[in-house]
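Between the sequences and the hints, there should be enough to build the whole structure, so can you do that?
If you're matching positions, the sequence shown starts at 8 in this note's numbering and goes up one per residue.
Every clue listed holds true.
Keeping only pairs whose Cα atoms sit at most 25 Å apart, straight-line, the calculated DMTMM-like set for lysine to aspartate or glutamate is:
{"id": "1", "residue 1": "LYS207", "residue 2": "ASP228"}
{"id": "2", "residue 1": "LYS207", "residue 2": "ASP175"}
{"id": "3", "residue 1": "LYS207", "residue 2": "GLU170"}
{"id": "4", "residue 1": "LYS13", "residue 2": "ASP48"}
{"id": "5", "residue 1": "LYS13", "residue 2": "GLU111"}
{"id": "6", "residue 1": "LYS91", "residue 2": "GLU62"}
Hint data in this document are derived by calculation from the structure and do not stem from the laboratory.
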Amino acid sequence: MLPSLKDLFALPRTPQDPVTGIFLSSGDPTAAEICAGAGFDYLLVDGEHSPLSLESVQAQLRTIAGYPTLSVVRVPANDEVLIKQYLDLGVQSLIVPMVDSVAEAEAAARAVAYPAAGVRGVGAALARSGRWGGIPGYLPRARETITLVVQAESAASVAAIEEIAAVDGVDGVFVGPSDLAASMGLIGQQAHPDVVAAVKHAIAAVQGAGKFVGVNAFAQDQARDYLAAGADFVNVGADVALLASGARNLAGAFRG
Numbered sequence: 008m009l010p011s012l013k014d015l016f017a018l019p020r021t022p023q024d025p026v027t028g029i030f031l032s033s034g035d036p037t038a039a040e041i042c043a044g045a046g047f048d049y050l051l052v053d054g055e056h057s058p059l060s061l062e063s064v065q066a067q068l069r070t071i072a073g074y075p076t077l078s079v080v081r082v083p084a085n086d087e088v089l090i091k092q093y094l095d096l097g098v099q100s101l102i103v104p105m106v107d108s109v110a111e112a113e114a115a116a117r118a119v120a121y122p123a124a125g126v127r128g129v130g131a132a133l134a135r136s137g138r139w140g141g142i143p144g145y146l147p148r149a150r151e152t153i154t155l156v157v158q159a160e161s162a163a164s165v166a167a168i169e170e171i172a173a174v175d176g177v178d179g180v181f182v183g184p185s186d187l188a189a190s191m192g193l194i195g196q197q198a199h200p201d202v203v204a205a206v207k208h209a210i211a212a213v214q215g216a217g218k219f220v221g222v223n224a225f226a227q228d229q230a231r232d233y234l235a236a237g238a239d240f241v242n243v244g245a246d247v248a249l250l251a252s253g254a255r256n257l258a259g260a261f262r263g
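What follows is the structure in structure tokens.
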């Protein structure tokens, strides 16, 4: 079976070799392939804020699989039907957004596990996840190979972060400063001292629970600050943001 994000953190790393990745938001397999060959540790296919269908997610997974970069996918919502469909596509590292409570974290954990531990529907013989019945012993081993990351991106989630991180079945936490800032009445101010302090509190709490923790930070100085604070991985950009900034810079170079 394919490796997942928790396998990446089982490998030795140094502070000079941090785990970094970017969002794939365009839905385009060519963009995915370009980014897969760029040298990132992982690529995060974003089903929450991007116009992606199940087919386009699967196409990107197939593209990335030809490279050493890991694929990570953010599902649109904490919904057991959506999670089942994404897992059946072959997603091994899943991020569930907007997890604000222990109950919501527990629901996500149940959704990624087959009964009796969870509620994932059984359809491996029909899906890429089990190679259409081609992986011997897939069903009893499937949960072992999946990394579940819940996203903490509100003041409520930060207030409950110790309990959320401790939920059995949650492998890691991804902190989202943008929505966190908005929930704190500081929309668009991801670098506000109060937001940064909340993020760093979450980083320490998750690590205290023995789980890995990541954060989204497009500004390089902010990304390095969170790494110095102990973040295990940082999401440092997006394919569409790179294209937009590159196009604007190039156009601007020829304007009067």
